[in-house]
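Student: Sequence:
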Amino acid sequence: MSKNDISQSESALGSGRDGKRKACMRHCATFWWVYLIATVAAILLGVLLIIFVLVPMIAQSKLDHAELTVDGIIVSNTAPTSYNMAINSTLRSDGSVKATIEPFDGVMYLEDLEPHTPFVNLKFPETQSVKLQTVNISQPIEIADQAAFTTFNTWLQNNESVRVTVKGNTHVKVNGIARRYGVTFRNTMTLKGLNGFKGLNVTDNSISLTPDAQGDNFKGFVSIPNHSVLTLEIGNTSFSNLLNGQDIGTVYIDDLVLYPGMNNVSMRANISQAPVLAAIGQRPACESGMIPFSLRGKDVVNGGQRLSYFADALSSGEVVTNINIGASLKKSLNITLSCH
Numbered sequence: 115m116s117k118n119d120i121s122q123s124e125s126a127l128g129s130g131r132d133g134k135r136k137a138c139m140r141h142c143a144t145f146w147w148v149y150l151i152a153t154v155a156a157i158l159l160g161v162l163l164i165i166f167v168l169v170p171m172i173a174q175s176k177l178d179h180a181e182l183t184v185d186g187i188i189v190s191n192t193a194p195t196s197y198n199m200a201i202n203s204t205l206r207s208d209g210s211v212k213a214t215i216e217p218f219d220g221v222m223y224l225e226d227l228e229p230h231t232p233f234v235n236l237k238f239p240e241t242q243s244v245k246l247q248t249v250n251i252s253q254p255i256e257i258a259d260q261a262a263f264t265t266f267n268t269w270l271q272n273n274e275s276v277r278v279t280v281k282g283n284t285h286v287k288v289n290g291i292a293r294r295y296g297v298t299f300r301n302t303m304t305l306k307g308l309n310g311f312k313g314l315n316v317t318d319n320s321i322s323l324t325p326d327a328q329g330d331n332f333k334g335f336v337s338i339p340n341h342s343v344l345t346l347e348i349g350n351t352s353f354s355n356l357l358n359g360q361d362i363g364t365v366y367i368d369d370l371v372l373y374p375g376m377n378n379v380s381m382r383a384n385i386s387q388a389p390v391l392a393a394i395g396q397r398p399a400c401e402s403g404m405i406p407f408s409l410r411g412k413d414v415v416n417g418g419q420r421l422s423y424f425a426d427a428l429s430s431g432e433v434v435t436n437i438n439i440g441a442s443l444k445k446s447l448n449i450t451l452s453c454h
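Here the sequence shown is numbered in the numbering used here, starting from 115 and rising by one per residue.
FYI, nobody ran anything at the bench for these hints, they're computed from the structure. Quick caveat: nothing in here was measured; it's all calculated off a predicted structure. All C-beta atoms in this analysis are idealised placements derived from N, C-alpha and C, irrespective of residue type, glycine included. Heads up, some of the hints might be wrong.
30 Å max Cα-Cα, derived BS3-like pairs, lysine-lysine [what the hints assert, rightly or not]:
#1 LYS281 with LYS212
#2 LYS281 with LYS237
#3 LYS333 with LYS212
#4 LYS333 with LYS281
#5 LYS306 with LYS281
#6 LYS312 with LYS245
#7 LYS444 with LYS333
#8 LYS306 with LYS245
#9 LYS312 with LYS445
Ranges between beta-carbon positions, derived for each pair [said to hold, decoys possible]:
#10 ILE449 with GLN260: 45 to 51 Å
#11 THR195 with LEU323: 42 to 48 Å
#12 HIS230 with GLU256: 15 to 21 Å
#13 ASN358 with GLN242: 14 to 20 Å
#14 PRO374 with GLU256: 37 to 43 Å
#15 ASP368 with PRO194: 16 to 22 Å
#16 LYS237 with LEU323: 53 to 59 Å
Based on the provided sequences and hints, a complete structural model is requested.
Tutor: What follows is the structure in structure tokens.
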């Protein structure tokens, strides 16, 4: 092949490339508007996907990973069908998305009891998606489901802890975006329970052979542990007093309000003395002076009205406490025990 042939081949190749380039330019000049529309459509689709799909997903994910911690709950003004509930809580998140969570109506239910039946309906205030925010609620509550509220009180009383879920539908407004996004707030937290009042202790008691005007012949003080964060206005509370499975009288605690921690309150009782004297004369009670009594909830009255949701919960279990009857007999009646 000659140099001229090579030159001609290269020229032909170059001519083909120039032709394709010119054809492409003519095509773009003719259909530029098609490519512009396609580009705008792609950008618009991307923006729409971000606004309508990605942002709501991120907002819901951030809400799902937020942590609600209850610092205190106060149940007061208790009545048969209503009460006042105040909740002090803390909401924690990573704070990476700046947004406003709108106020919403929420419910609380026991997470580990199916079906999930709400025991209280609450109105939650507007919150911000910051790393740490205090959320306080105080409102009157109408009891919509007596059975569910009674069940909650029963679980709270008899368990070391209970898992409670807060749930409600609301909207999130992300900073810089006008659109509101529908989201679901759902957070499960573990609350310490009353643990069956384990550790309850009757102290500094006295015995009388003659009942007073109310019919009481036993008085003293009782220490009631409350390991939970709840303050409960219960009211006038009565308990069946059991000895060896036999109901021997009634114990009364008037105007009972349980605060978190140890509660030292006065108590009074109307006790059948014969079973107690029979038990204290037998070993080992006659040696130690201690007799184990069981207390089971009997009734609760506040403001002259019966509170079944507390009464039924208290009657669901028994708490055993050892009372130093020997010391009471010595102190009150100057009677010294002897074993037969």
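Student: Against each hint, give a clear statement of whether it holds in the structure.
Tutor: Verification of the supplied hints:
| no. | hint | verdict |
| --- | --- | --- |
| 1 | LYS281 with LYS212 | 22 Å, holds |
| 2 | LYS281 with LYS237 | 11 Å, holds |
| 3 | LYS333 with LYS212 | 60 Å, violated |
| 4 | LYS333 with LYS281 | 46 Å, violated |
| 5 | LYS306 with LYS281 | 20 Å, holds |
| 6 | LYS312 with LYS245 | 38 Å, violated |
| 7 | LYS444 with LYS333 | 15 Å, holds |
| 8 | LYS306 with LYS245 | 25 Å, holds |
| 9 | LYS312 with LYS445 | 27 Å, holds |
| 10 | ILE449 with GLN260: 45 to 51 Å | 48 Å, holds |
| 11 | THR195 with LEU323: 42 to 48 Å | 43 Å, holds |
| 12 | HIS230 with GLU256: 15 to 21 Å | 20 Å, holds |
| 13 | ASN358 with GLN242: 14 to 20 Å | 60 Å, violated |
| 14 | PRO374 with GLU256: 37 to 43 Å | 26 Å, violated |
| 15 | ASP368 with PRO194: 16 to 22 Å | 19 Å, holds |
| 16 | LYS237 with LEU323: 53 to 59 Å | 56 Å, holds |
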